[in-house]
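Visitor: For reference, the chains in residue letters:
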Amino acid sequence: AQKITQTQPGMFVQEKEAVTLDCTYDTSDPSYGLFWYKQPSSGEMIFLIYQGSYDQQNATEGRYSLNFQKARKSANLVISASQLGDSAMYFCAMSLNTDKLIFGTGTRLQVFP
Amino acid sequence: GAVVSQHPSWVICKSGTSVKIECRSLDFQATTMFWYRQFPKQSLMLMATSNEGSKATYEQGVEKDKFLINHASLTLSTLTVTSAHPEDSSFYICSASFPGGATGELFFGEGSRLTVL
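Protein chains in written order, with our numbering: chain V, 1 to 113; chain B, 114 to 230.
Please note: incorrect hints may appear among the correct ones.
Simulated pairs of lysine-lysine, DSS-like, Cα-Cα distance not exceeding 30 Å [unchecked claim]:
id, chain 1, residue 1, chain 2, residue 2
1, B, 177, B, 127
2, B, 133, B, 177
3, V, 3, V, 70
4, V, 16, V, 73
5, V, 73, V, 3
6, B, 177, V, 3
7, B, 127, B, 179
8, B, 127, B, 154
9, B, 133, B, 154
10, V, 3, B, 127
11, V, 16, V, 70
12, V, 16, B, 168
13, V, 3, B, 154
14, B, 133, B, 179
15, B, 179, B, 168
16, B, 179, V, 16
17, V, 73, B, 127
18, B, 154, B, 179
Simulated from the structure, these hints should not be mistaken for lab results.
With the hints as extra help, turn the sequences into a complete structure.
Guide: Shown next, in the form of structure tokens:
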């Protein structure tokens with residue numbers, strides 16, 4: 001069965017520091033996609049970054065990078081130079097060969113000055 | 114990026130009434146939309162896949178007669194919570210696949226918070 005695991009219910013980071021949010025996944029399908037979404041307190045889901053299972057290089061989008069370790073089945077999100085506005089819930093998600101997403105339980109990130 | 118809009122953002126209703134939530138793709142056509150439900154401080158759980166012009170596909174454990182989904186056009190899907198009860202109070206959020214995007218690259222609506230009294 002497919003599963004996404006986020007083991008960190010909450011994380012704290014000081015402004016301007018980098019932070020890593022953990023995500024592991026489980027699937028026997030060789031083709032899959034991994035996503036990170038940000039959900040601020042207002043509720044909307046904001047797409048951050050995508051990594052395909054066949055992508056050779058780690059995905060990067062501005063201050064976001066995805067540390068993809070295929071053998072370990074991990075897809076950690078790294079946020080560099082944290083900003084106060086980064087405080088939110090962060091969800092890791094996986095899709096197989098459909099557009100259905102399976103979400104992890106989320107990590108609440110708090111950035112403090 | 115692509116825009117998906119939900120309406121209403123907040124709705125409060127009495128127990129036993131029905132509530133309709135709309136999900137629109139504003140600048141693209143979405144043959145497939147998805148409806149998720151999120152309880153407080155929990156993750157998003159997929160309820161159903163809404164397919165334009167055909168019946169929705171419901172996930173296991175989701176009552177299709179309770180949560181009616183209609184996808185009448187390429188830009189609009191509606192979720193109707195019928196005979197709502199307090200346990201239906203939740204955050205409902207829709208998403209749509211962006212044509213040509215990566216598989217699973219979805220754009221989400223702003224969500225609709227339902228409170229049933």
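Visitor: It remains to establish, for every hint, whether it holds in the given structure.
Guide: Going down the list of hints, with the structure as the test:
1. B:177 - B:127: Holds, at roughly 21 Å.
2. B:133 - B:177: It holds: about 14 Å lies between the C-alpha atoms, which stays within 30 Å.
3. V:3 - V:70: Answer holds: residue 3 (chain V) to residue 70 (chain V) is near 15 Å, not above 30 Å.
4. V:16 - V:73: 28 Å, holds
5. V:73 - V:3: Between residue 73 (chain V) and residue 3 (chain V) the Cα gap is close to 11 Å, so the pair holds against 30 Å.
6. B:177 - V:3: 24 Å, holds
7. B:127 - B:179: Within the cut-off at roughly 16 Å; holds.
8. B:127 - B:154: 24 Å, holds
9. B:133 - B:154: 24 Å, holds
10. V:3 - B:127: Between residue 3 (chain V) and residue 127 (chain B) the Cα gap is close to 37 Å, so the pair fails against 30 Å, i.e. violated.
11. V:16 - V:70: Roughly 29 Å between the alpha carbons, so the hint for residue 16 (chain V) and residue 70 (chain V) holds.
12. V:16 - B:168: 49 Å, violated
13. V:3 - B:154: Satisfied, since the Cα-Cα distance of roughly 19 Å is no more than 30 Å.
14. B:133 - B:179: 12 Å, holds
15. B:179 - B:168: With Cα atoms ~15 Å apart, residue 179 (chain B) and residue 168 (chain B) stay inside 30 Å; holds.
16. B:179 - V:16: Not satisfied, since the Cα-Cα distance of roughly 47 Å exceeds 30 Å.
17. V:73 - B:127: Given that 30 Å is the threshold and the Cα spacing comes to 46 Å, the pair is violated.
18. B:154 - B:179: Holds, at about 24 Å.
This entry does not satisfy hints 10, 12, 16 and 17, going by the numbered hints stated previously.
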